[in-house]
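J.: Sequence lines, in order, name chains A and B.
Per our numbering: the first sequence = residues 17 to 116.
Per our numbering: the second sequence = residues 840 to 1142.
One thing to keep in mind: the hints can contain errors.
What the hints assert, rightly or not - Derived contacts from chain A toward chain B, CB cut-off under 7 Å, selection only:
#1 Leu35
#2 Arg36
#3 Trp38
#4 Glu41
#5 Arg45
#6 Gly50
#7 Leu58
Hint data in this document are derived by calculation from the structure and do not stem from the laboratory.
The beta-carbon is built from N, C-alpha and C at its ideal position, and this holds for glycine as well.
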Amino acid sequence: MSPSSAPRWRCVASDAISLREWDGEFVVRNERTGSTHLLGSLAGGVLKVLLKADSAASTERIATQLSDAAEETTPLSLRGAIDEVLSEFKRLGLAEPQDR
Amino acid sequence: MIVGDLPRQELAERLAGPGLRVRTGPVVSRIRSRLSRVMEGVALHYADYALEPDEGFADFSVGVASPASPRRWIRPQVEFQFDGVRPFLPLPADQAFALLEWGLNWCVSNHCHQYLIVHGAAVEKSGLALLLPGPPGSGKSTLCAGLVSRGWRLLCDELTLLDLATGSVVPLPRPISLKNESIDVIRRFAPGATINTPVHDTVKGSVAHMKAPTASVRRGAEPARPRWVVLPRFERGATASLAERSRARTFMHLADNAFNYDIHGRRGFEVLEDLIAGSECFECMFGVLEDAVAALDGLARRS
């Protein structure tokens, strides 16, 4: 999938999300579903990026923000892992791909 | 006036008649029963509890009675009654007092939604609460009984009530439920403890109840701030150890073991968030009660 056709993601309304981090692990409550989830460091990091983003974010943009800012490119493995996280977020109702 | 002030005859008459209004922490229960096993259990375990006025409000109106069936002559049974309904199947008559205790737990866990209710025991020292959440068989009641026999205050054995405004543990000191081997463990560990005669072949195996310490009952209106969350794990032969536990995973454990976390929505999340943020979290593996109590005493001394 070319970067231009890759979906961009946005978090569900930020006021519906309660997020707390302890030592690299996160708990998140989604007001819309009433569910609470345990997130690992990558998933928690992705959610933080989406919560802070002022517009929908691509996997590439999320990966860039999660990796060292000095790096020009992000490893494919990280982008793949982020894609998996985003799919799971969609299933949990935490994030959704934005209509293009 | 406390239950123990009542002459035995008057206690029996109240139980058989208008009901005995007893305060346990924030809860007032009106208990009715004509059964001698219930009367004996109440006299033994509830002697220190405050009596509420006969005309006063009761949160729960409960009873234990023999159902009117031909079985009563062959293999007698008893049933729990709550506001005129019978939420459970009848049980053998020798389980009458245990049934009252289980029924009262059911009342609180199903109705006291002014609190966030976590399944687990809690004890207190120097104003700080140690929470012992855990599934049946984890050793939480054994550990709880051991700790209160060594100077900790009993806050609760089964149902930890968290105040939604302050996050404090609201005491609900009631008899401690001991099962199977833990009955003899506590008898040996605390020879002075008051423990009733076990009933056998219950759904939980052999069950006995240990009377809540008098001092804990008298301080039943004093909340305590959570300071430690300790998940007990009994393992035969294990050396006692306290291992730090992930806060996020402990949060999830408390949420999963809460009776009404979902009911409270975001406030439930916030109460647990504050609790975890202000607590140290551990797993306590133990095979010998004495060692586990010493380890947890060490936590309190460190604070």
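J.: Decide, hint by hint, whether the structure agrees.
T.: Results of checking the hints against the structure:
1. Leu35: Hint violated; Leu35(A) Cβ to chain B Cβ min 10 Å, cut 7 Å.
2. Arg36: Where the cut-off is 7 Å and the nearest Cβ of chain B is about 5 Å from Arg36(A), the hint holds.
3. Trp38: Hint holds; Trp38(A) Cβ to chain B Cβ min 4 Å, cut 7 Å.
4. Glu41: Hint on Glu41(A): holds, closest Cβ of chain B at ~4 Å, below 7 Å.
5. Arg45: Result: holds, 4 Å to nearest chain B Cβ.
6. Gly50: With a minimum Cβ separation of about 6 Å from chain B (threshold 7 Å), the hint on Gly50(A) holds.
7. Leu58: violated, 14 Å
The structure does not agree with the numbered hints 1 and 7 stated previously, though it agrees with the rest.
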